[in-house]
Structures are given as C-alpha cells and as structure tokens.
Amino acid sequence: MSEAVFKVLHAGPHVSVQDGGRRGLMRFGVPASGAMDRNALEVANAALGNDPAAPAIEVSAGGLALECLEGRATFAVVGGGFDVALDEVHGGAWRIGTIRAGQRLAIRPGHWGSWTYLAFAGHLASTRWLNSAATHGRSGFGGGRLVPGGRVILEEARWREDLVGDIPCPVSARPRGEMRIVLGPQDRFFEPEAIRALLSQPFALTDSYDRMGVRLAGPPLRVNAALDMPSEPILRGSIQVSGEGIATVLLADHQTTGGYPKIATIIAEDLDGFVQLRARNTVTFRAISPAMAVEIARTRQRAHQRYMEAVMMAHALPGFHAREVLWRSDFKN
Amino acid sequence: MRHEFPRFRAVAGHALLAEFGDRIGDEAHASVVDLDRRLSDHPFEGFVEAVPAYVSLLVEFDPLVADHASAEASIRALIGERMPATLPGAAHEVEVCYEADVAPDLAEVAKRLDMSPEAVVRAHLAGDYRVSMYGFAPGYAYMAGVPEAIRLPRKPGPVHGVPAGSVLIAGPQCLVSTLLMPTGWWIIGRSPTRILTGASERPFLFNIGDRVVFRRIERARLDTALRPG
Numbered sequence: 082m083s084e085a086v087f088k089v090l091h092a093g094p095h096v097s098v099q100d101g102g103r104r105g106l107m108r109f110g111v112p113a114s115g116a117m118d119r120n121a122l123e124v125a126n127a128a129l130g131n132d133p134a135a136p137a138i139e140v141s142a143g144g145l146a147l148e149c150l151e152g153r154a155t156f157a158v159v160g161g162g163f164d165v166a167l168d169e170v171h172g173g174a175w176r177i178g179t180i181r182a183g184q185r186l187a188i189r190p191g192h193w194g195s196w197t198y199l200a201f202a203g204h205l206a207s208t209r210w211l212n213s214a215a216t217h218g219r220s221g222f223g224g225g226r227l228v229p230g231g232r233v234i235l236e237e238a239r240w241r242e243d244l245v246g247d248i249p250c251p252v253s254a255r256p257r258g259e260m261r262i263v264l265g266p267q268d269r270f271f272e273p274e275a276i277r278a279l280l281s282q283p284f285a286l287t288d289s290y291d292r293m294g295v296r297l298a299g300p301p302l303r304v305n306a307a308l309d310m311p312s313e314p315i316l317r318g319s320i321q322v323s324g325e326g327i328a329t330v331l332l333a334d335h336q337t338t339g340g341y342p343k344i345a346t347i348i349a350e351d352l353d354g355f356v357q358l359r360a361r362n363t364v365t366f367r368a369i370s371p372a373m374a375v376e377i378a379r380t381r382q383r384a385h386q387r388y389m390e391a392v393m394m395a396h397a398l399p400g401f402h403a404r405e406v407l408w409r410s411d412f413k414n
Numbered sequence: 119m120r121h122e123f124p125r126f127r128a129v130a131g132h133a134l135l136a137e138f139g140d141r142i143g144d145e146a147h148a149s150v151v152d153l154d155r156r157l158s159d160h161p162f163e164g165f166v167e168a169v170p171a172y173v174s175l176l177v178e179f180d181p182l183v184a185d186h187a188s189a190e191a192s193i194r195a196l197i198g199e200r201m202p203a204t205l206p207g208a209a210h211e212v213e214v215c216y217e218a219d220v221a222p223d224l225a226e227v228a229k230r231l232d233m234s235p236e237a238v239v240r241a242h243l244a245g246d247y248r249v250s251m252y253g254f255a256p257g258y259a260y261m262a263g264v265p266e267a268i269r270l271p272r273k274p275g276p277v278h279g280v281p282a283g284s285v286l287i288a289g290p291q292c293l294v295s296t297l298l299m300p301t302g303w304w305i306i307g308r309s310p311t312r313i314l315t316g317a318s319e320r321p322f323l324f325n326i327g328d329r330v331v332f333r334r335i336e337r338a339r340l341d342t343a344l345r346p347g
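Protein chains in written order, with the numbering used here: chain A, 82 to 414; chain B, 119 to 347.
Just so you know, these hints were derived from the structure itself, not from any lab.
Small disclaimer: the values here were computed from a predicted structure and weren't measured.
No residue lacks a Cβ here, since even glycine has one placed at the ideal position from N, Cα and C.
Do not rely on the hints blindly, as some may be mistaken.
Ranges between beta-carbon positions, derived for each pair [said to hold, decoys possible]:
1) B:Ala343 / A:Leu280: 53 to 61 Å
2) B:Glu319 / A:Gly221: 19 to 27 Å
3) A:Pro301 / B:Glu336: 48 to 56 Å
4) B:Ala218 / A:Glu237: 48 to 56 Å
5) B:Leu344 / A:Pro283: 45 to 53 Å
6) A:Gly130 / B:Leu243: 52 to 60 Å
Stretch-level coverage of chain B by chain A, calculated; a stretch enters the list once three of its residues show a Cβ under 8 Å from a Cβ in chain A [as the list claims (entries may be wrong)]:
7) 169-182
8) 255-269
9) 320-330
Assemble the whole structure, with the sequences as input and the hints as a guide.
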C-alpha cells in the first residue's frame, strides 16, 4: 500500500490529531476530547470514504502548513471559512483536493470559524490512548499536537482525483447568534437577576479560548448561595460560573467534575456552531425545555443522516454531475 | 418516609443528574455507587455512560432512543425500594515517600497544625480512604478520609509545575496526581504507584468506592520505582 509523508512547516497552538473522541471514560476523569466541531470532522472523513470518526488533523486559528515529502494523497478540508492554499493557489475550506511530493498546503483562518479539519483518504498514522487517537490537550495523550519540523504519515493512501471539488457547507455548520440552552442543573444557586441576565443580555467570547473551554464576557451572574456545593459532573456545553460571576462554556477537553455551579447547558446540537465563533463574537442564550432539546436532537439527527448519506453517495458515485444532483436534492435540511 | 432524594435534574437534551444529597456524606455517596453499579449491570435502552460524583450521578443517554422521563423511570425502577447495598469495594495499597525534597509542603502543613512532620505523616497513614470520584484530569481520583487532625483548607492560589505522583491533601480529601499540573493543595509526599496503569485491560487503578491504604516507603525505593524500565 502506498504511503505519503508530510513535513510540518508551521503549526499554530492547539493544532492536533483528533477523531470522534473517546467515550465512556468520564468516570475516570477522561473527557471525550475529539473534534471541537464534530460534524465537520465527520464530513471531511465521509467525503473521502473514511470512517466518519477516523483521526484527522484539527487546525486552529493558528493555522497549519505542510509540505508533502513523499507520495501523493487526496485530502479534504472541512469546517469554518478557512483559507486553503495549495502552493500558490488559494481556495476555501469545504473542498477535496490532491497533493503530491513537492507541493505545500497552507491552511489559515478566513472569513469565519475557529477550527477546520484536514483529513486524508487513507489512514493517518497516530498514537492511540485508551482506544482513540483524540489528543487530550492538557496531557498531550493520544495522537498529539503537531509541531513545526514534525512529520505526518499517511498509510494506505488512496488517490481519488475524481473526488476533487467542493463539499456543500450545511447551514447548521455556521455559528448562530443564539444558542439554545437547558437551564441547570445548578441554576437554583443563582439570583433571579442572574437568570434574567443570562437570557436577555449578549455575551461575548473572550481570548481565553482553548479546547477545554471559552470564558465569556458579559453581565456578572451572581451566585446566591455560599460556594460550597460538592463537585458535580460536567458535560461538554456546561456553562459554569465562577465565584466572581464569570461564565465559562466547557468544551471538548473539559474537566469531568467541578465545584462551580452550572447555570445552564448548551444543547449538543448547537455546540458545533458555537465553537466556530471567535473571540469578541457575541451570542445570546435562549432557554428551551428538556423535552424540546430531545426533539431537536431527533430532528437534527434525521437531517444530519440525509446530509451524510449525500456526502457518502457523492463519494461512491464520483463525477461532478452526479454529485451536483445529489446535493441539490438532499442537501436542503 | 423520605422522598426528597433521589432528585432528578435534566442536563441539556441528553443527560440526567440523579442527586442523592446536598452535602458530602457517606450515605449519599453509597447511593451514588449503588446506582452506578446497578446501571452498569442493567443498562436501560439508550444508556450511554454514568459519571459518579460525591452526591450525584450523571447519566448520559442517547436522545434518539431515550428521553429524560424514560431515563428517570428506568433509574427509579433500578433503585426500587431497596436500601443501597454497601459493597466493600476493592482495597489498594499506594506507596508514598514523605522525605522533604519530594514533600515540599510537609513542614508548612506541620507548622500550621502545630504538629511535627512525623505526626502529620503518621496521621496521613492512619486515614481510612475511599475513592469518591474522579475529576479535574485523567486519573485524578478524589479520596475522602483525611483524618480531622490534618485537614487544612487549600492554599489561596495554585502552585504550578507540580510533578505527577504528588500526594496532595486539602480538607478531608487526598489525591495522587497523574500529570504535571498546577495545584492549590498541600504536597506532602510522592508516590510511584501508577493510577494511570498503562494496562489496556485495566487502565485506571481504582474504581469508585474502592478503599486505599497508603504505605510509607524510603527514598531509595521511590527512586528505584521511578527509574524508567
């Protein structure tokens, strides 16, 4: 089988190998990690015929530049409005391209988005920890961060020139200005004004943003009880509030338990869009019932499935026209 | 009859928090451990994973298969009317070296408690420790059971670059760190016992509810144990 070898020319902070995540280990203090934008990772892989949860390279706003040293490969870049340059030819993310020895691929932030995914048709060689290549940022366990001078090895590289082209960006991939939340589980510790502020005032993302979470700037959310609650479990999307009333949204590498109250939780379906926001972007929060959150999960899953089937079918039926037809019929969800 | 607990709280569209108390206590934690075991033995349809904490258990479910009401009904049926069984839990021995250069806070802890460092060590060794929950970072097992005599509130601010294997105490809790991390807890020793075992069939040394006994080792033993290979 053919192999492709790349040299890392540049890698910003938080550029790492990620996959669908390691599930079922939160009880041992291990968050799922995996892609910040899980949908984008799945699309990048599926478009190339890989397992949707396969390891790929998560590129932060710090950007990534690779040089292909040996072999050749088909790649997809999916997520955010990133700029993708193959040698001197610039294009955007949401596309499939090819790269061969001697060529350089540079990925930089573009008009929108904080994370994009570089997947290759084939098997990205990566270290696994607890059955997953997802990099846990704090420990570095898993596939690991990419560093300048390092190598990226693609095994069983598949060459699929016929796939080259655009992948439609679904509406749901773009960040929305409003995030849907379910209040709690510790909203009882807050003053009524804090709940009102959360539901009526805009909050801005700050620069304090990494894979563990993002701190928000907004009105202080005052806690009405002494902060001595026992540590409680945390989920991705938990909005945790510190003693000073500052909210942090916990993300892929979140701690699994914590002693600060969680005023609300962003629903899972809005998180892929949320992580694509940037510092100083603002959001508002709208409370929905738990039952509504379940309903949204089910509706979104049906739309996601239709979209993923179209992506995979486009892979199975290459050729520009066949794909065009599929996108037009199935993509509007 | 007391029906205040368990109390159920919805978390987003895919989880339920089952609460067994408002304050840390043995009874609430026993209920958490008991429900955790029952769920592991008899997972309901759509069950994804459970995360035990001091007084609550987070139960994540697949919203395509279950919802908050069905998950709550399944959990209530599992708990039934039976009192939580207090299963003994496995016992583990964790080695710890208390010599000054690997126990940078031992002298300060002793001073604050008006005890000798040796008395602090003896008190720490005498504790009856139980793994209450994991959190903060992979393998960070929070153990309850630090004796009253050596309980101190945590430091006002964290200290950075604390090596893995540090034995830390704060209030009634003790833990052995697994990564190079900042901590505001008191560093009273160093352990070569690996909680992240590196073994694929049992990657974490403790299960929730397990008992832990600390055994004192000399510096030479620590050095040998920490030597690679």
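Hint-by-hint comparison with the structure:
Taking the beta carbon of each, B:Ala343 and A:Leu280 are about 54 Å apart, inside 53 to 61 Å as hinted. Under the hint 19 to 27 Å, the C-beta atoms of B:Glu319 and A:Gly221, about 23 Å apart, fit the expected range. In this structure the supplied range 48 to 56 Å holds for A:Pro301 paired with B:Glu336, their Cβ-Cβ distance being about 52 Å. Between B:Ala218 and A:Glu237 the beta carbon distance is about 54 Å. The supplied range of 48 to 56 Å therefore holds.
Between B:Leu344 and A:Pro283 the beta carbon distance is about 51 Å. The supplied range of 45 to 53 Å therefore holds. Here the CB-CB span from A:Gly130 to B:Leu243 is close to 58 Å, well matched to the stated 52 to 60 Å. For the segment 169-182 of chain B, the proposed coverage by chain A is satisfied: 11 residues have a C-beta within less than 8 Å of a C-beta in that chain, meeting the threshold of three. Coverage of the segment 255-269 of chain B by chain A holds [criterion: at least 3 residues with CB-CB distance below 8 Å; count 6].
For the segment 320-330 of chain B, the stated coverage by chain A holds: 3 residues have a C-beta nearer than 8 Å to a C-beta of that chain, and at least 3 were required.
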